[in-house]
Every structure is written in C-alpha cells, then in structure tokens.
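Visitor: Protein chains in written order, with the working numbering: chain A, 29 to 450; chain B, 29 to 450.
One thing to keep in mind: the hints can contain errors.
[What the hints assert, rightly or not] Lysine to any residue pairs mimicking SDA-like chemistry, simulated, CA-CA at most 25 Å apart:
(1) Lys-445/B x Glu-48/A
(2) Lys-427/A x Lys-427/B
(3) Lys-343/B x Val-114/A
Hints listed in this document are in silico derivations from the structure and should not be mistaken for laboratory results.
Number of protein chains: 2
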Amino acid sequence: MKLRFYNAKILTMENENIIEGELHTENDKITFVGENAPEGKFDREIDLGGNLIIPGFKDAHTHTAMTFLRSFADDLPLNDWLYNQVFPHEAKLTEEAVYAFTQLGNMEYLTSGITSSFDMYMKLPAYVKACTDMGYRSVLCGSINDFGGTVEGIEDEFNEYNSGNPLISYQLGFHAEYTTKREILEGIAALSQKYKAPVYTHNSETKAEVEGCKERYGITPTQLFDKLGMLEYGGGGFHCVWFDERDMEIFRDKNLWMVTNPASNLKLASGVAPICKMRAAGMKNFAIGTDGAASNNSLDMFKEMFLVAGLQKVKEEDAAACPAFEVLEMATKGGALAMGLTDCDVLAAGKKADLAVIDLKQPNMQPLHNIAKNLVYAGGKQNVKMTVIDGKILYEDGKFTTVDADEIYERVNKLTKQICGD
Amino acid sequence: MKLRFYNAKILTMENENIIEGELHTENDKITFVGENAPEGKFDREIDLGGNLIIPGFKDAHTHTAMTFLRSFADDLPLNDWLYNQVFPHEAKLTEEAVYAFTQLGNMEYLTSGITSSFDMYMKLPAYVKACTDMGYRSVLCGSINDFGGTVEGIEDEFNEYNSGNPLISYQLGFHAEYTTKREILEGIAALSQKYKAPVYTHNSETKAEVEGCKERYGITPTQLFDKLGMLEYGGGGFHCVWFDERDMEIFRDKNLWMVTNPASNLKLASGVAPICKMRAAGMKNFAIGTDGAASNNSLDMFKEMFLVAGLQKVKEEDAAACPAFEVLEMATKGGALAMGLTDCDVLAAGKKADLAVIDLKQPNMQPLHNIAKNLVYAGGKQNVKMTVIDGKILYEDGKFTTVDADEIYERVNKLTKQICGD
Chain A
29 MKLRFYNAKI LTMENENIIE GELHTENDKI TFVGENAPEG KFDREIDLGG NLIIPGFKDA
89 HTHTAMTFLR SFADDLPLND WLYNQVFPHE AKLTEEAVYA FTQLGNMEYL TSGITSSFDM
149 YMKLPAYVKA CTDMGYRSVL CGSINDFGGT VEGIEDEFNE YNSGNPLISY QLGFHAEYTT
209 KREILEGIAA LSQKYKAPVY THNSETKAEV EGCKERYGIT PTQLFDKLGM LEYGGGGFHC
269 VWFDERDMEI FRDKNLWMVT NPASNLKLAS GVAPICKMRA AGMKNFAIGT DGAASNNSLD
329 MFKEMFLVAG LQKVKEEDAA ACPAFEVLEM ATKGGALAMG LTDCDVLAAG KKADLAVIDL
389 KQPNMQPLHN IAKNLVYAGG KQNVKMTVID GKILYEDGKF TTVDADEIYE RVNKLTKQIC
449 GD
Chain B
29 MKLRFYNAKI LTMENENIIE GELHTENDKI TFVGENAPEG KFDREIDLGG NLIIPGFKDA
89 HTHTAMTFLR SFADDLPLND WLYNQVFPHE AKLTEEAVYA FTQLGNMEYL TSGITSSFDM
149 YMKLPAYVKA CTDMGYRSVL CGSINDFGGT VEGIEDEFNE YNSGNPLISY QLGFHAEYTT
209 KREILEGIAA LSQKYKAPVY THNSETKAEV EGCKERYGIT PTQLFDKLGM LEYGGGGFHC
269 VWFDERDMEI FRDKNLWMVT NPASNLKLAS GVAPICKMRA AGMKNFAIGT DGAASNNSLD
329 MFKEMFLVAG LQKVKEEDAA ACPAFEVLEM ATKGGALAMG LTDCDVLAAG KKADLAVIDL
389 KQPNMQPLHN IAKNLVYAGG KQNVKMTVID GKILYEDGKF TTVDADEIYE RVNKLTKQIC
449 GD
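Bound-form chain A, shown alone (with noise of 0.2 Å):
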C-alpha cells in the first residue's frame, strides 16, 4: 500500500518548522517528507487541503480495557473508588470482555490522533489479539503485583511479547511498590540484568504511597528501586506526582523517563507533579498518559496536553512555564521514547508510518497564528480528520476502518452489564 498526502502541513517534530509539502508512505513506512516531492505510484493520492500531519501522539500510560469502568464509581474517596468498586469488578473479566473493552479503547486512541499506547493490565493474549485484529500499535508492560503474576511468567510474557509481531512489543515492570514485595522486586531487577531490559512502575502517584515506602524501607520508591539494581538499563515511571530533590537526580542520573498523567491525578485528587522543578534539576525525558478510562474519563491527548502545561503555569506562579512545544514533544516523540518505539518519534523517511491528520479548518485551530500552540492550548478530538498506524488507515473523518462501532458498542455495554449489573 502507497499513500501520497499533498497540499498538506507537516510538522515532523524533528524541530518547530512547518513544512509545507508533501509525504508519502510505503506499506509501514514513510518514504519521504518535504517540499521537493519525488513523482510515483500509489494507491491512493490524498489532498489535504492544507490540513495539517503531525506524528501520531503517544498515550505512554494506561490501562486500555478499563473502559468499562467509565463513569461507573466516580467522585468517591480513592481508597473506596479502588477496593470497592474497581478490584471486585475486574475479577469478574472474562477473557472476551478485555478483548471488547481493548477495542473500545483503541477506538477512542484513534479519535485523539494517539498511534500506540503503554498499556499496563491483565489477560494479554485477549488484548494482543484486540490490537493486533484492528492495526493498533502496542507496548505491554509488566504488571505483576502480590495478587497476580510471577517473575516467571513475566520473563515469559517479555519473550512472548518481544519475538518479532510489528504490532506488538513488551517492557518490563510491576504494578507498583506498595502492591508488590521485596521479592518480587528483586526478581524484576534480576531480569531487568539478565535481558538488560529498563523496568517500568507506577512511581510515587500519591503522598501515600511514598509514605508506606518509606515506613517498610525507609527510603522512597525511586531510592529503593535503585538500591534494588532496577534502574541500571533505563525505564521509567508512571505518575511521579511526590518525588523529593534525590529522586530526581536519580532519575536524571540514570535517564529515566518521567511519564505525567495529570487528569487522572486531578480526578483522584493526587496531587500536581514537579514537571518544571523536575526538567531544573536536569531531567529530560517526559511522556504523557491518560490512565485508565476508570480514572480519567477520557482518552485524549489534547485535554492532556492542555492540563500538562496549565497545571504547571498555576503550580510555578508562572505564565510562561512550560511552554506549549515543550508539550506537544512529550506528548508524540517523548512518548515514543519512553515506550521504546524508536521507529515512531517523529516524521521521517525510514520511520514507520504512525500518524494524524488534524483539521485546521475549524474555529478553534483559527486564525492560524501558531500551529503548535492551537494543538496543545485549543486542540481536541474535533480536530482528528485521520489516523494512520503501521501505514494503514485506521480512522478518517468519524468512520472506524477495522472494526464495526455500533457492534462493539452494544457488546460493551451487554459485557459491562454482566459484569456491573447496573
């Protein structure tokens, strides 16, 4: 399949310019980006009108098939929202339920221009078969805990995972500190040796949590972590709402990837993570996700992207902090990064062909002022025309190319009906 997309703006993400011109795609990937196009072939020409392509925005935290969970238990205490209504309800999925759930989540990435997700949760052959049916791109990560999983099983899933489906790959890591013990987590930094493999966690999301740690260890996650041997080949962590000045070197010290998911941290009252205090004491990597649907409620870059830079503005006392292109990175080549997807960072000959197409020809992309700036401030999933994976049309103006809409929502909401009786 050869796609050639004409009269269109192109921001590569390789820097801040706009390029007006074209780029043209090879089964799954880009053959060529720019001004001077060469002539060809293809199977299908596409004007765009002076629209916009932007690598696709990657989604580098969540966990996919909680959808159904949507506006199920909302504004309660977290603990009651966690062990009340989210724990009892995921033990009743079934295997044909994270395959439902997994495509209505990806239905809704497509809407928001997201090409791929880090996706943290249970029954992955259901969830592989989910992405890899409709053309999703996905990362796995680890999610062993006290209540599920063994270090086997995750050496497993990390061969499993990682043998070679272009869809599909996988990344080490556990669901958090304060649900997993020691031993477990020496097991994880063992592997992490072994395979020379980065390891991801959730990190420090709530004040809680960092307090319990330091109560059993004495240190806080991030120290302890990296006293275990975790963090010698890289990985990250999600959240990291309450990292002190040594955490932060840390992750600084070994290039760790910070990966922010502020609606969700709003939503459960979490807190606001350091980002400026994070990049002035010297990180560099930062990612962006949206969290599970349970938590959010949505899975959108845009409100994400807006939320990232206004929650620092506030939290600085600072209307120039965290300036919008600083986002938009985090937000398409931080991500990539960060979930090892080196082939998706940015718009270039040779990289795979993950991308959106925004519509600048509505009122909120107007005057045309600052392309970046409209995305990352006034952006939103109106503004998704198409979305591109692996070189294949998954999504354009409204219409789902791989899957039926209307029948996965009606079995979605019979599934959830089963499983939440509501």
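Based on the hints, put chain B in the right spot on chain A.
Guide: This is chain B only, laid out in the frame that chain A set:
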C-alpha cells in the same frame, strides 16, 4: 418552524433523571418534553436514534472577539501578555474586524453546544450585528473603565440593548476595580439603584489585583463594591479566585453569581478558585465561563467542566469533592440564571428552544453507566451533533447553517494579519 426530536434521551436539568421520549418546538419555544408525546404536524422530524438532548451550555464570561489573539502571545508572563501584546493590538480593532472575530467565536461556541454567552467587549454594534445575523443569543455586559466608556454611555447601552431584540440583552457592568476609578464605580452603583439592576465585573482574578485594591481602599474588591452600594440588586463576579471569608459572606447574603473560568486561570497562572469552600460558606450561585480565546485558548464548555471538577478535587485533596452533576448544573442552569436568561435554564414546555444534541455513539461516551458523568469527565466537542438556538438549528453534523465557515476563516486570517502583522 415546528421541530420534532424523537427516539431521544433527554436530560432536562430540572433534575438528574433521563427521560426517554420526545421534545417538540414551535418557533423559539419548547412545546413538549416527555414520554407520551402528542401527535402533530412538524416542519422536520429528527430521529435521534437514542442520542441525548441537553439544555445548551451557557458561557457565563467571555470576550468573544478576542479569537483574533488565539495562540498569538502565549507562554508569557501575565503583565507582558496584557500590556505589550493584548492592549496594543486591540487598539487597532475595527468594526469589520470585531464582526468577523465574533462570527468565528460564535461558531466555536456552537461546536461546543454553547447557546449563549455573557460577553464583555468593545464595539457593541458590530458585535450585536454578528450575533443577530447568525442567530446567536448573547447577553452583553458593560465594560466601562478608565480607558473607555462613560456612565451615561453605559446607561444608553443598557436601554438600547434591552429594548426587545429576542437574541440580545444587556447587564450593567464595568471592567474591574483595578482599571476603574471610584467616580465611575459610584456612577455604576447609581445606575444599579436607578434601574434596580444587577452589576457584573471581573473580581479578584489575581492575588495582585486584591492586594492593589487593599492598598487603594483598605478592603477587597467585593467589600468595596458592597460598600459602594453596587450589589443591592444582585449581579456577580468573573473569576473570583482570591476570595476571603467576608467576600464569600457578601456573595452568599446578596445571592451573587460566582462565574469561574478555570482554563484561563490555569493558563495565565492566576490560581484555582475555592469553589468547595464557597459552597461550604453557603454560596449557592455558580456558573462557568471560558474567558476569551486569547487566554484559554479554546471556547469549550467540556474542557471547563472537567477542569472545574478536577481542580476542586485536587485542591481539596478529596476525589469526592465537586461531583459531576453539580458541575453540569453550573454549565447550564447556573449560567442561564447568572445572565438573566430565566427562559433558557432547563428543557420544559414554555422555555426557549436553546439546546444541544449529544452524540452518545462515540467511544468516549460508552458504556452508558452514567451519562452526566460521561459528559463532564469524558465529553468533548466531537460529541456535539447539533446546536439549536431560539428554535433554529445553527449547527448540525459539523456544518454551520447560517454562515459560510471557509469564507470566515479566510477573512479572519486576512484581518488578523492586518492587525497583528504576522
């Protein structure tokens, strides 16, 4: 014109119930809402296929024509932004420009299901013409300050724009304490007494504003307005971020409207309004505004609703704070009553036909556990299928029925270039 919406879910906002039934309109009014609909002849019958009707959102504080400065001068300290970027370019505005920039802003409201806005700006004849030409409902707010306007001029506007145009009304107002000398404030207070009319203004948006007022008068802006006799007939404040206990008591005792603008308050680093504390202090009247596109940068009630709830939760360190339905009330009924639009608050026979149709058949609205929570926590402009004002469909499936969108984008960009030179 008689419209029949059938096969609909209807959230009237009279209470939390969702009706499955029909809504009928005749000319500017709703004639029926409920289950067992009467037969009748209609000009158009619209099968909603299970989609949702809600009262249109009310944008209770904005500066619509500021769309021309969207993404023009962001990521700057507040004073630099206001005095070096906003004011000098506003000085170049013509009537033609205000007309076009208002059209663009009103189009964006329609894409967000907003059916009226409480607008404070300049060149009112051009603004009013832009609204009435396209059928958009607006309440104008007086904007006098030391740099423009006279008390006599405000009185003339009050009489002129409250003289029967069904789409236009006017409330007494002034820009803010920090831009308006005491003599003018006293003049507005006298007008309020003369017409028994409420008064609205920017109030306690920034900490510096409150500190400045205390230096000038020894008391806060709210206490000053009270002392000057401006608050005897109601009214309200825009922003209200930095309120003390006495300010809250005055707002409670005088039944004044607190209009929050969370996106603007984040982006300009102004702070987070203490809405939960205000409720605890007995204040009952809350509404939501977008502020202008130069400071937000979008005109989107979904974004504001998520922010109202999320920011209160994190401020109160309580995920149960500021539940979704309370926020939905602020965005619909609250806004209408704040602006004096007592016929536009809920969906009921005899009320104005100002409503939005929400597309529930999109991934972010599924499953259907709780539609109100879906709207507040997961909704977005992509869910707005139709916006109706005064019984007329102004926006449907991405198309505007009373303006030529492409022609407006072209004109807006041309005029913006003339004014901003970029």
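Visitor: Next step is simple, just say for each hint if it's right about the structure.
Guide: Here is what the structure says about each hint:
Pair hint Lys-445/B plus Glu-48/A holds up; C-alpha atoms about 19 Å apart against a cutoff of 25 Å. Between Lys-427/A and Lys-427/B the alpha-carbon distance is near 17 Å, which keeps this suggested pair within the 25 Å criterion. Only pairs whose Cα atoms come within 25 Å are accepted, and Lys-343/B paired with Val-114/A is accepted, the gap being roughly 24 Å.
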